[in-house]
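Protein chains in written order, with the working numbering: chain E, -8 to 346; chain C, 382 to 469.
These are computed hints drawn from the structure, not numbers from a lab.
Model, not experiment: these values are computed from the prediction.
Cβ atoms here follow ideal geometry from the backbone N, Cα and C, with glycine treated the same way.
The reader is advised that the hints may include incorrect statements.
To be verified - Estimated spans, in silico, between C-beta atoms of each pair:
#	chain 1	residue 1	chain 2	residue 2	range
1	E	344	C	400	41 to 51 Å
2	E	240	C	447	26 to 36 Å
3	C	411	E	89	28 to 38 Å
4	E	85	C	445	21 to 31 Å
5	C	444	E	306	28 to 38 Å
6	C	443	E	74	28 to 38 Å
7	E	89	C	443	38 to 48 Å
8	E	81	C	466	29 to 39 Å
9	C	468	E	307	30 to 40 Å
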Amino acid sequence: MTTHGGFEPVFCTVVPPHVLDKLARNDDPALSGPARRTLMRDSELRGRRRVTTEFGLAAAPTAKAPSDQPLRTIYDAGHTTALPGTKVRAEGSEPGQDATVNRAYAGLGATFDLYLKAYARHSIDGDGLPLDATVHFDEGYNNAFWNGEQMVFGDGDGEIFLDFTIPIDVIGHELTHGVTQYTANLTYYGQPGALNESMSDVFGSLIKQYTLGQTAAEADWLIGAGLLAPGVTGKALRSMKEPGSAYDDDVLGKDPQPGTMDDYVRTGRDNGGVHINSGIPNHAFYLVATALGGHAWEKAGQIWFDVLTGGELSDRALFTDFAKLTVAAAKARYQEGDELQAVSKAWEQVGVRIL
Amino acid sequence: MRIQVRRTGGFAGIERHKEVDTSGRPDAHEWQALAEKAVAAGRVTPPIGVPDGFNYEITLDGRTVYAADPRLTEEQRRLISKVLKEGA
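Required output: the full structure, derived from the provided sequences and hints.
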């Protein structure tokens, strides 16, 4: 096993365009400012993508090449809900006394590292976007999220959840929401929302595997391992290897994730089941990665990355649209080989038909 | 007065549902004032929140409104956390 040193986190946001439009017109600059900036970045990106696909050109070079080093800032909300909070660690500074701050900093770095080294992507937006994270959000807060501009981590209540900066895949998951926001911008509802969630689980898990130097066979394929408090019956929050098996607990209930379309869950809650049905594309990725063997970020991850960032994936994509693009991406990058076969077979196994 | 809070979504995607019946409670007035302010600022349809943000349904005597992290009013945040902590 090889290791890639310490890890570091990243962030991202996925607010649908119609919501952004509305926010951008809000009288409160705290709401309209970020929305306007996101819309501007979005239109620039779309313009660039259109030029790239329609004229077959490489993406327009930026005025100045982005740095190969991350630009991280960690803030402390001091158990309030004010964002971003007090600045507690800047890029290049030495670790302090707060392990949560240090984990967030390291996790942001690891995420930056995987995207750069494996996929030549400079930060979340591909253009060196600074990475900001706030820790100690609210009191006993059982969650972590990406607000469109930065990552936010709660400490957990200590009874069900521990500190959300503990699993590096959680940090990678949140930052990948940022990558998705700047690329396919998958709408956070229903199937495109479940694909959005799955992108975050896939790359979150790959960041952990990359940091630990694990092969697909060695990886645990769990999301949130180490996050559940000692009294909880479960090993993690989600399992890509065996969706539905991560926990079964008196308080938490049972992991509701399906691994195939036969068990697809129709619901209006959780934005139309985005954290539930993501089990299906998650499992497809696991099947491709383990069929190909070796380091999952190299081939399986490359195919998924090509689809996420390639400009063909619609913000309203369904599972079948995504599956079709992965088949095309496997063919484009690796021709008619094992990769193509592994991808086609994986979707067939999870019951997603490629039309 | 019956106050119900349902929280869905979040990184874990695990649902929580609690309710408080304020009748007969010595602090019923405070609950009622807080709940009415929280509901007044709620939305009629569920907002699409931020990735992994919590979504909330607040029901006050049968009337339901919606809210989502991180854009909660101070009253909504206080009510939600109080009901999820003290409710049954």
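Under the constraints set out in the numbered hints, which ones does this structure not fulfil?
4
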